[in-house]
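Engineer: The chain contents come next:
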Amino acid sequence: AQTVTQSQPEMSVQEAETVTLSCTYDTSESDYYLFWYKQPPSRQMILVIRQEAYKQQNATENRFSVNFQKAAKSFSLKISDSQLGDAAMYFCAYGLNTGTASKLTFGTGTRLQVTL
Amino acid sequence: GAVVSQHPSWVICKSGTSVKIECRSLDFQATTMFWYRQFPKQSLMLMATSNEGSKATYEQGVEKDKFLINHASLTLSTLTVTSAHPEDSSFYICSVKRVAGETGELFFGEGSRLTVL
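Keeping their order, the protein sequence lines are chains X and W. What the first sequence shows, in my numbering, is residues 10 to 125, in sequence order. What the second sequence shows, in my numbering, is residues 216 to 332, in sequence order.
Hint data in this document are derived by calculation from the structure and do not stem from the laboratory. In this text the structure is predicted, and so the values were computed from the model without any measurement. Virtual Cβ for every residue (Gly too), placed ideally from N, Cα, C. Keep in mind that a hint or two might mislead.
[Claimed, not checked] A few chain X residues that face chain W, going by a derived Cβ cut-off under 7 Å, partial list only:
(1) Gln53
(2) Lys79
(3) Thr117
(4) Gly118
[What the hints assert, rightly or not] With a cut-off of at most 30 Å between alpha-carbon atoms, the simulated DSS-like pairs for lysine-lysine come out as follows:
(5) W/Lys281 to W/Lys229
(6) X/Lys87 to W/Lys270
(7) W/Lys270 to W/Lys229
(8) X/Lys64 to X/Lys87
(9) W/Lys235 to W/Lys270
(10) W/Lys256 to X/Lys82
(11) W/Lys256 to X/Lys79
(12) W/Lys270 to W/Lys281
(13) W/Lys256 to W/Lys281
Chain X with its partners taken away, still in its complex shape:
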């Protein structure tokens, strides 16, 4: 079974600084997706960034980037120039590429606080 581990229950970063959230996963598959989702107090899950396992290049989305280490099964999220609006729960998720459907396995989440 696939598992996703987020070892940092809480993190704090000052506004405009950079923070890295850790995520490791366990799988025997070779074709899969990895995601970082953000859940603000409104509870709506918002996709932050996505990485296809077959791509060696790390995904980037504006201030968000990942460090994907496939051999190490590590998928960390770096947030640059942190903003107050980045404060939320961040969930790392794993999904198999099964074609027509894929269910996600989530980590336990990291609560990010952004301070002035």
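Take the given structure of chain X and dock chain W to it, following the hints.
Structural biologist: Then chain W, alone, in the frame of chain X:
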């Protein structure tokens, strides 16, 4: 705008009653929808996979007679919590994956908070 809509956002019911939660895909057809449950300060746990036109697939430990899922059309899936008890109080979230396009991304509804008194 929203891609997935859930209704109701909040519901309070008495113990022993049944509650229905709707999940609608607004922008595209979805043969498959997923229902998650989230306890306070915890992660999302997959409950079941809702398949259009066929029976839902439940995860281990989830009672199918307790959590009835119906996926009658390509845009609507419903979750009915039957004979609800206080321990069923939770945040229920549905998600949808596009039929076409293999990005793997799931779109999530706003969630429905159920409180059973």
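Engineer: Each hint should be assessed against the structure and marked as holding or not.
Structural biologist: Structure-based check of all given hints:
no., hint, result
1, Gln53, "holds, 5 Å"
2, Lys79, "violated, 16 Å"
3, Thr117, "holds, 5 Å"
4, Gly118, "holds, 5 Å"
5, W/Lys281 to W/Lys229, "holds, 16 Å"
6, X/Lys87 to W/Lys270, "violated, 41 Å"
7, W/Lys270 to W/Lys229, "holds, 28 Å"
8, X/Lys64 to X/Lys87, "holds, 18 Å"
9, W/Lys235 to W/Lys270, "holds, 17 Å"
10, W/Lys256 to X/Lys82, "holds, 25 Å"
11, W/Lys256 to X/Lys79, "holds, 29 Å"
12, W/Lys270 to W/Lys281, "holds, 14 Å"
13, W/Lys256 to W/Lys281, "holds, 24 Å"
Hints 2, 6 from the list above are not met by this structure, while the remaining hints are.
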